[in-house]
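Protein chains: 2
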Amino acid sequence: MIRRKRDPFRGRLALPGGFVNEGETVEDAVIRETREETSLEVEPVEILGVYSDPKRDPRKHVMSVVFVGIIDSGIDNAGDDAEKIEWLDEEKIEPIEVAFDHMRILDDYKRWKASGGTYWSKKRGND
Amino acid sequence: MIRRKRDPFRGRLALPGGFVNEGETVEDAVIRETREETSLEVEPVEILGVYSDPKRDPRKHVMSVVFVGIIDSGIDNAGDDAEKIEWLDEEKIEPIEVAFDHMRILDDYKRWKASGGTYWSKKRGND
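Taken in sequence, the protein lines are chains A and B. Per the working numbering, residue 1 is the first one in the first sequence, and the count goes up by one each step. Per the working numbering, residue 1001 is the first one in the second sequence, and the count goes up by one each step.
Don't read these hints as lab results, they were simulated from the structure. All of these numbers come straight from a predicted model, not from anything done at the bench. There may be inaccurate statements among the hints.
Unchecked claim - Only some residues are given here: those of chain A computed to face chain B with a beta carbon under 8 Å:
#, residue
1, Gly11
2, Thr25
3, Asp53
4, Pro54
5, Asp57
6, Pro58
7, His61
8, Val62
9, Met63
Don't be surprised by glycine CBs; every beta carbon is placed ideally from N, CA and C.
Make the full structure from the sequences, and use the hints.
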């Protein structure tokens, strides 16, 4: 997780990510944003889910595509929106510490590790 | 598939779909667009993939989230952008007949039926 340097949710934990540029694929944006915030080179492996609840970002209606990836190379070093990088035991993350709906995404990631599947904001049986 | 009533790709085959409204989740947009174009009520089951190649739509850079769904109810009746609805054997669809990158999506759907997974424009080993 990264510790956010800026508002919204300044000082909270978040998954690395950001906005897709026009002319860029979403998978390239994942690689670029992770590089900018963590200095790590990642390769997308699967799509975990698509999160588009209109209230999930206080700034405006934002949709996030979340990938599961592997780290290919690099030494972690916080940059851009990240104040620092924290390697955490996922069972010990405090929900109150987590920005946006990223705790929900982490919960879906635990479901994915247990039984696969894909996830979205209004998926039934997933609240 | 629907037979497109309007440009781009007027007269070609396409998967039902359309643009997400501000304040609407992507899964609700899938349900609404399918209803508008086919009169069928669908329930999303899994995310097949996210397609965001900048050249996939001649109008502008568009990202599509593609869901696999089941038909809950309804009698098919073409509406909105759809000139008519065609129920086709997926093995007999001519690629030249298919709009946008929807043939690629159909190919990924065949992969999904065989072995699951999720798909995106630059996924390796998938050209």
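Open item on the list: Tell me the hint numbers this structure goes against, listed in increasing order.
Closed with: 1, 5, 6 and 8
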